[in-house]
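**Q** Sequences are here, hints too, so could you generate the full structure?
As you go down the protein sequences, you meet chains A and B in turn. So the mapping is simple: this note's numbering equals the position in the first sequence, first residue as 1, plus 467. So the mapping is simple: this note's numbering equals the position in the second sequence, first residue as 1, plus 60.
Watch out, some of these pointers could steer you wrong.
Simulated restraints, written as ranges between beta carbons of each label pair [claimed, not checked]: (1) B:Glu411 with A:Asp1275: 53 to 59 Å; (2) B:Leu85 with A:Ile1008: 37 to 43 Å; (3) A:Met1305 with B:Val544: 20 to 26 Å; (4) A:Gln1309 with B:Pro575: 19 to 25 Å; (5) A:Gly1121 with B:Glu411: 27 to 33 Å; (6) B:Asp88 with A:Ser970: 56 to 62 Å; (7) B:Gln555 with A:Thr744: 33 to 39 Å; (8) B:Val544 with A:Ile1008: 30 to 36 Å.
Rather than coming from a laboratory, the hints here were simulated on the basis of the structure. For glycine and all other residues, C-beta sits at the position ideal for the given N, C-alpha and C.
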Amino acid sequence: MKLNLRWGLMALSLLCCFSIAQAQQRVSGIVTDADSGESLIGASILVEGTSTGTITDIDGSYTITIPEGGSNLQFSYTGYATVTETINGRSQIDVQLSAGSVLDEVVVIGYGSVKKDDLTGSVNTVEARTFNQGAIVAPTNLIAGKVAGVQVQNDSGEPGGGVTVRIRGGTSVTASNNPLYVVDGIPLPDNGGGVAGGRNPLNFLNPSDIESMTVLKDASAAAIYGSRGANGVIIITTKKGVAGAPQITYDGNFTVSNVIAGTQQSLTADQFRDVVTFAAPDRIERLGTNSTDWFDQATQTGFGTQHNLSIGGGSESSTYRASMGYQQLEGVLIGAETERINLALNFTQSMFNDKLRIGLNLKGVSTNNDYDNGVVGETRRFDPTQPIFDPGNNTFAGFFEYNQALAPRNPVSTIEQIQNGGSAYRGIGNLDLEYNFDDLIPGLSYKVVLGFDVEDGQSERFVPRTYANELVSGFDGEFEIKNGRRTSKLFDTYLTYDFSVGSNQFKLQAGYSYQDFDQFYPEYIGRNLETDAFGPFNPGIADELIVRSTIIENRLISFFGRLNWNINEKYLITASLRRDGSSRFGEENRWGLFPSAAFAWRVLEESWASGLTGAFTDLKLRVGYGVTGNQDFDDYLYLPIYQFGDQRVRYQFGDEFISTVRANAYDAGLKWEETTSWNIGLDFGFLNNRLTGILEFYQKDTEDLLFSINVPAGTNLSDRVTTNIGALRNRGVELTLNAVAIDQPDLGLNFTGNISFNDNEVRQLDGAGSADVLTGGISGGVGNNVQILRVGEAVNAFYLYEHIIGDDGRPLADGIDHNEDGAINLADIYVDQNNDGMVNDQDRRVAEQPAPRAVLGLTTNLTYKNFDFSFTFRGVLGNFNYNNNSSVRGYFRAITEGGQWLNNLHPSATFTRFSGPQYFSDYYLENASFLRLDNVRIGYNFGAIAGGAMNLNVYAIGQNLFTLTNYSGLDPEVGNGIDNAPFPRARIFTVGLRLGL
Amino acid sequence: MQNYQAILLLLIGLSMASCTDLELLPQDRADPNAVLSSEDNYEAFLARIYSGLAVTGQQGPAGASDIQSLDEGFSQYLRPFWQLQELTTESSVIAWGDAGLPELCFQTWTSDNQFVRAMYYRIFFQVSQANEFLRETTEDKLQARGIREGFWPTVDIYRAEVRFLRAFSYWHAIDMFGDVIFYTEENAVGGDNPPQQSRAEVFNFIASELAAIENELPEPGGNVYGRVDRAAVWMLQAKLFQNADVYAGQDRQSDAITALEKIINSNNFLLEPEYAHLFGADNHISRELIWTIPFDGLNTQTFGGLTYLTHAPVGGTMDPLAYGINGGWFGLRTTSGLVNQFEDPTGETDERAIFYTDGQTLEIDNISEFSQGYAVPKFTNITSEGETGSDPRFADTDYPVFRLADAYLMYAESVLRGGGGSREVALQLINDLRERAFDSNAGNISDAELTLDFILDERSRELYWEGHRRTDLIRFNQFSENGVWPWKGGVAEGQTTDSFRNLFPFPATEILANPNLRQNTGY
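**A** What follows is the structure in structure tokens.
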């Protein structure tokens, strides 16, 4: 393998030569927008069949010298339909380009691209101009609400935090459900990678460097990525330079984030005093005399700023683009902040009469993160009658704290005293070489991609000696430093052969791909520090130092091929085959085969359909089938492994402590999860494509679902083994509609909406097909689960008791013999589902699911003269949340639980009047459907200013402006349907300007 | 130009013949061949089978867990073992509301009970690791791995110890679950579902294993601290035979006497003069302990074991520092059923009555309230010198699995049950214990007072909270259909339960996973 990389680099260094074009004739003209008549800056003009080209200047005008033999000029502009003009001896050619036309739009599909018209699979592209805007750190947020069947959800309101992306629902329970991200041809590790010190690993990409994001939704499209395609693929293409004079763009903005007050999540000091007085009268003396809003103390107005500068340009044979970005964003929780510096460089060069094209992409990023200390839950629990500071007591650095081990901790003390941050660096680069063998065999080309991806990060957490947890444990401070280094190398190579036979056009591809991943995670923990003076940075002073590390390597090797066959522009056939090998499996199961086939029919091309062309401007029917795999789970599960224990689990033999070694459980026969899917789609356009849309139906069946199951005790080396055991199905319908309502030079209005329905079902869980697996662990007690995997039900459906509602509309309170049977038990408050006279585990029922049944997005764009206005609504329907915030503190006994202090309650306690915890009551299960105004933008284009030297746009953006929901928690959008005091989401306002030179 | 094309063609050729190697072995973990090619690692593997009784995974105090069926700290071997043996009796209640925990106090557990599940999988984790050890240390394997013959005798002793540990866990299995699945090193990893065997068959297997290894192990005191010797084998034999009627419908009291006499006559063990020192941070120095599970605040960390037994009983007005710990967990207390066994529960006369009563009520209206029921700080992390253990979060105290006082009580009981021996000796042994407890002969009993009922009560006074109570009550048929104590049956005054409660149910997960297994009656 190393040999190949070396050859590739040698080839590049050898290929240094210049091609010279000879001047023959000059053509000039102006390129304008067909609708607005405005000149288009940076439109590219190419002499067909040659590498000669130029771009338009700031007035939209161009001049080009036509080489000998050149007869046609091609005019193109991103997002516009390409126009070809025959020169015919003219010296002045003015051209109007139409925006928004789908004609000849090119879409990347993995290892190449096709004309949008020729697509056979379910592929959606979102261009930069329709991205969400504002204070966006993670690239995936750019397309939230934009693509049918793609759910993009921030895990919390943490700046730069994790984002969960699901394409047509999850296909797995144990393995990853994240789509594969491919950035400029480089597939990233699961969920984008990521090491210690960072946040969302995709944050290495500056959103302003992204040209487009393409989502491969169905298996016929994703199968070219074989074992990594089961959850769909998102191909991210970054911006490239455009031939012509240097274009300089600056974009800067300023952001303010506010906490959304929302519904009350804990009692105020006065309410709490009242409740303690009647619910825990013997603890009244423990009430304080203050009135502290802990949540308010832990939150802030966050400020942020962003600056992006780019320069791009090029000559006829080469282009370049360099950009630099800076972003800093504070969270609404005190202490949470992210800062990032990006650099990106793109360079393309064509040589030897355009026979050889070289592309180079380099991206580097440095991120600094400060993490909040997870105090939201504590702000809800800490006694609101206590003060922040305890003037009489300097033990805990002056903060009020309880001198007891399991007591809640003063959130302000936690925020102020614990340092928690990190930094991460990432570099991704790739060199593409594409050679065109037209001389030898017309239509044959060969491409090599060499890439690398390196990440390095470190996080540091430091707890000083004065923090209460340290003091009550008899400890003198501690720190924890985690490092991570991840490297990945990529080598892709493929041949492409375009040819036609009669009215049949063929494109054949065959290739090989190699990618490896090395990960190294050392970490060290130090306890009992001589002084707080050095924070985490002087490990030598720790009395007790614990060091450990993990090393993981894995490798993927693939052979792939694809055929695109266009029959008379009427019928389109795509077939692909990928053979993948993964180091995660034993020899017998190491290689997998992932085929796909798709067929599309352009109905309007049929001669009999000529009558339809009046109504329809586009009508295409697509059918696709494909098999994809999933191998994104832990490594070495198939191998018998003896694992050594660390220094704290040694065992005493005599006077010595002996380190131990354990035989780990394994399944030698582990294999891929396989998803077989069908897709039927209809693309349509009416009214001269003023109304276009896509309607799709799909079904995805995942088999050999990996799951950690209980094996018969004794048959393996632990109680559970990860093995291929289950099956699940996702089925759904998606509809996307684009409507251009008004299309006038001074006034434009269009709508883009999508709605998708997904239904998932567990089909099998073990050999016998009848096992239930409890999932969805909650906060409150240990081992308490509120969700279930059961055959025939949705994945992680809720599994709770049905609480009986009293005449007063409240759930019946516990501790009362409601059914007057002489005993106080669960039958008093819960429905006896199986009518066996008692209420026990058998009476919990499956109801509702955490995943939305429908996801919708609506974007509207309005332009009026120089104003532009857009907004995006995003909504989900049919998803439920278990309100864990309410259940864990929603009962009176919680006041006194744990020890000699008071715990604040959730306000639901005063409604339900529960005395003890009712963790399994469906009272806490709430419909969490919502409709959110995600993004609003208003902009004004001043056009050319300063005597035409530059172009100025100003804009204001609001994010997360309002949410319509019946959910009683702070925010209906939570990770897995269990609402457990996440980082609160902010309302964000941004103002900014954009300058073009 | 053709040159470049040639280079490209060469590239194509190369890439097509590229690497297809997918064999990647881990670097921070190793396969059995690599590990067992080094002599040192045999002791490490042996230590791991012992430490299966003490820790929960390969990282302390939690991490790289051995089993996944329950939260790691909750599933430490001794923690569910202790809970199943003690929470189910009059000796203790717990305040926490974790799913399945109050049900242990009420004797209303079901097959979904996560503590029963944890116990079950811990037992068979031990058995499967022991089987793996025995599979991988045969002479053929030693030879194949190039282990020199001079080391083989050491491995033979290790193998005998491993067989003891497997027998010990199988004993727990039949004691708690009755007819259990059975398999040995003959069964391969990932093999067929093991069959269920009758309690009596497994009883016979344990007995034959103990007989087979008895002489392979060192004499009493001949092994290093923490590892088993013949005295541990005799003690386990005595436990097995004394309960043989329950396990196999056999009267083996005389075999129990034989084993106990070997222990008593070995003169290797002495009663600890100060009762409380048996349960403190430096109890490893006591000559009374026959076999312990050692814990250490720095080197053997867990959230179960003695960390649990020193923290969970502390709460209310108790000062954690007085017990050498960083903070109480406000969980365990006892019922009046235990307290009333002592004529004087203050500890003034019988020093075994270690109860904390300040702010605590004797009777319990609500088991969730820590202040109800006396607290029991029997196990502490304080040394006999009054010093705190090495880490207030994790106890140094060792768990006394077998101690001489238990052997005395067992001897007396087997004598009373007609197993032979000497009644005179039995009375002397009991009075030895009482003199230690009363610091005088004030508590001594007469021959007439030496009855089986007295033994059962005396066992609770001497051995409460040491993990024997449920087995004792079942042997005396006082656990379910007889015997009443507060909160038994889920009511404050207590009520009897059905006799099927003498066995725990197999976990529902296991019933689903292994079709060979028949659920115990009543569940």
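**Q** A separate judgement is required for each hint: does it hold in the structure or not?
**A** Checked hints:
1. Checked against the hint of 53 to 59 Å, the pair Glu411 of chain B and Asp1275 of chain A passes, with Cβ atoms roughly 56 Å apart.
2. Between Leu85 of chain B and Ile1008 of chain A the beta carbon distance is about 38 Å. The supplied range of 37 to 43 Å therefore holds.
3. A beta carbon spacing of about 22 Å between Met1305 of chain A and Val544 of chain B agrees with the range 20 to 26 Å that was offered as a hint.
4. For the pair Gln1309 of chain A and Pro575 of chain B, the beta carbons lie near 21 Å from each other, so the given range of 19 to 25 Å is met.
5. For the pair Gly1121 of chain A and Glu411 of chain B, the beta carbons lie near 31 Å from each other, so the given range of 27 to 33 Å is met.
6. Between Asp88 of chain B and Ser970 of chain A the beta carbon distance is about 60 Å. The supplied range of 56 to 62 Å therefore holds.
7. In this structure the supplied range 33 to 39 Å holds for Gln555 of chain B paired with Thr744 of chain A, their Cβ-Cβ distance being about 37 Å.
8. At roughly 59 Å, the beta carbons of Val544 of chain B and Ile1008 of chain A sit outside the given window of 30 to 36 Å.
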